[in-house]
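K.L.:
Read off the chains here:
Protein chains: 2
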Amino acid sequence: MTSELSPAAVQVLESGISSSPQVEHRLALLRKWKIPQGSKVLEIGCGQGDCTILLADLVGENGHVTAIDPASLDYGAPMTLGEAQSQLKASPLGNRITFKQTTVEEFCQTNDEIYDCAVFARCLWYLPSPDILLSMLRSLRGRVRRVLIAEFLLDLQGDIAVLPHMLAVISLADINIGQPSDPWTSNDNVQSICSPKMIREMGRETGWELETESIIEAAEGLEDGRWEVGHVLSESYAARVESLTPEPRRVYAKMLLDAVKQSTATQPLAAVRALPTWFSSWKPSS
Amino acid sequence: MTSELSPAAVQVLESGISSSPQVEHRLALLRKWKIPQGSKVLEIGCGQGDCTILLADLVGENGHVTAIDPASLDYGAPMTLGEAQSQLKASPLGNRITFKQTTVEEFCQTNDEIYDCAVFARCLWYLPSPDILLSMLRSLRGRVRRVLIAEFLLDLQGDIAVLPHMLAVISLADINIGQPSDPWTSNDNVQSICSPKMIREMGRETGWELETESIIEAAEGLEDGRWEVGHVLSESYAARVESLTPEPRRVYAKMLLDAVKQSTATQPLAAVRALPTWFSSWKPSS
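Just so you know, the sequences run in chain order F and V. FYI, in this note's numbering the residues of the first sequence are 1 to 286. FYI, in this note's numbering the residues of the second sequence are 1 to 286.
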């Protein structure tokens with residue numbers, strides 16, 4: 001890992017913001033996009049900045065990352081969004097990063113700068129509905145030269161160890177359908193599932209042309225699969241399933257939960273592998 | 001196949017009621033239950049009688065199969081339920097079979113006979129809701145000595161070729177949630193999914209004790225997986241998905257459909273393997 005990153009980035013990462021497999025996986029993604037040094041990057045849905053710090057390292061001392069997220073700065077545990085972002089700002093790479101608590105649409109209305117690229121690094125499934133991507137892509141027209149989207153892909157790519165993660169996210173997308181008044185839902189890492197086909201359609205509809213797309217398997221040890229499966233197999237999640245209405249929705253959700261359990265019956269949770277990631281790059285359509 | 005069946009049964013089967021893999025698979029299931037010759041069997045949800053003819057052969061000339069199904073005798077293609085049942089009645093094994101167009105509850109109210117066993121041979125997922133099994137199991141108390149249930153299991157059992165069937169039935173169960181006024185739905189072979197856990201809970205609740213349970217992989221060539229995947233990938237099914245409301249349900253259903261497509265992207269439809277079958281036997285709890 002160290003050979004891929006600057007000493008400054010390594011120092012930040014060693015302070016413990018992300019696990020090593022998370023860093024490895026994000027680096028593998030970002031490297032595929034070949035973002036040039038000196039780039040001005042707009043990162044969408046930056047969260048705690050796990051990807052922001054790597055982008056800041058990649059763009060070098062003449063580049064800059066503007067990282068936006070509308071989530072409350074109080075959100076997150078054990079560290080809140082605000083605490084994590086402050087820590088990165090105080091690091092040796094902090095002067096290459098600007099965090100803003102805002103949506104893409106708001107940001108583009110109140111800002112004139114042109115960015116070399118907008119990066120969506122696995123933030124779409126966190127949206128309550130995939131359709132929100134439509135207005136984000138529209139706002140970015142004329143404001144960024146390329147759009148780079150990376151998101152999990154709902155496929156096993158031949159590896160059966162991915163099945164529990166696949167079923168867990170299907171369950172999460174289901175339980176988050178039309179439950180806006182449910183106070184639990186906002187904490188789910190997966191609230192809806194956006195397929196490459198949906199993203200391709202939304203890109204075309206909003207004036208973007210697909211340049212490249214490909215699929216990368218999850219790094220060994222990437223925890224996302226285990227995290228989501230553990231979440232779905234928790235007692236509090238079972239209680240949410242039991243409280244679903246109407247009855248046919250509850251029965252369907254129970255069935256999915258049973259399938260997640262069944263998929264982990266013959267392999268330990270530690271053996272669950274995360275879903276592969278689909279990534280794509282887009283330019284304005286002429 | 002012929003060595004397992006009487007010449008009379010072979011003659012009926014060779015007239016083309018079922019494909020060879022279907023017969024092989026059903027025989028493998030029924031053999032596991034070791035139903036003795038001379039048994040009086042009540043078969044629930046017999047449909048066209050594909051399993052009925054095998055049961056009639058297994059129970060021998062001193063046994064009998066009463067096969068019930070509430071579906072209209074006009075239902076089914078290319079042969080209707082009524083035509084298929086008439087053909088079996090006219091066969092050399094016909095005198096061992098009684099078909100009745102009725103529900104379990106109705107049948108048990110209007111009939112005093114005690115049966116050696118009730119057989120549910122993969123008919124539960126056809127129910128609009130798994131909960132219907134509750135009242136069926138209650139009705140059977142005191143009327144049958146054993147209950148034998150075989151149903152698909154939502155698991156890959158380590159075989160990735162099963163994934164398209166798994167995703168297709170999840171899609172079917174989803175599209176059939178709370179769409180009772182949809183004229184299409186009644187033709188789906190899968191309308192809800194009942195897991196072994198749900199069946200175990202319903203058995204306990206209605207006074208039945210689980211004696212044995214196990215899992216059997218689908219016979220190679222069993223068409224059910226390809227049938228359901230083909231159905232879900234049809235144009236008419238895509239139109240049903242597009243017409244779903246409200247919007248979040250439509251988006252979720254599209255996502256499942258995309259996952260089915262993705263799962264068949266790298267293997268031909270002919271390579272899709274059917275889900276394994278879970279089967280169990282029950283006695284009255286003391």
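These are calculated hints, taken from the structure and not from any lab test. Take these hints with a grain of salt, some might be off.
The list makes no distinction among identical chains, and a pair is therefore deemed to hold if it is satisfied within one copy or across any two copies.
Said to hold, decoys possible - List time: in silico SDA-like cross-link candidates among lysine to any residue, alpha-carbon distance up to 20 Å:
#  : residue 1 : residue 2
1  : Lys89     : Thr212
2  : Lys197    : Glu235
3  : Lys283    : Gln101
4  : Lys197    : Glu247
5  : Lys283    : Leu29
6  : Lys100    : Leu210
7  : Lys197    : Tyr115
8  : Lys261    : Ser285
9  : Lys32     : Glu209
10 : Lys197    : Pro92
11 : Lys89     : Ala238
12 : Lys283    : Pro78
13 : Lys32     : Ile160
14 : Lys32     : Ala161
K.L.:
Could you run down the list of hints and mark each one as holding or not?
P.N.:
Hints versus structure:
1. Lys89 with Thr212: neither (33 Å within a copy, 62 Å between copies)
2. Lys197 with Glu235: Classified as between; 16 Å across copies, 34 Å inside a copy.
3. Lys283 with Gln101: neither (26 Å within a copy, 62 Å between copies)
4. Lys197 with Glu247: between (31 Å within a copy, 17 Å between copies)
5. Lys283 with Leu29: Only inside one copy: Lys283 and Leu29 sit 18 Å apart there, 56 Å across copies, limit 20 Å.
6. Lys100 with Leu210: The answer is neither: 28 Å in one copy and 59 Å across copies each exceed 20 Å.
7. Lys197 with Tyr115: So Lys197 and Tyr115 fail the 20 Å test inside a copy (26 Å) and across (53 Å) alike.
8. Lys261 with Ser285: Neither, since 45 Å and 27 Å both go past 20 Å.
9. Lys32 with Glu209: within (18 Å within a copy, 57 Å between copies)
10. Lys197 with Pro92: neither (40 Å within a copy, 54 Å between copies)
11. Lys89 with Ala238: neither (39 Å within a copy, 48 Å between copies)
12. Lys283 with Pro78: Neither. Shortest intra-copy (38 Å) and inter-copy (51 Å) distances fail the 20 Å Cα cut-off.
13. Lys32 with Ile160: So Lys32 and Ile160 fail the 20 Å test inside a copy (25 Å) and across (28 Å) alike.
14. Lys32 with Ala161: neither (25 Å within a copy, 30 Å between copies)
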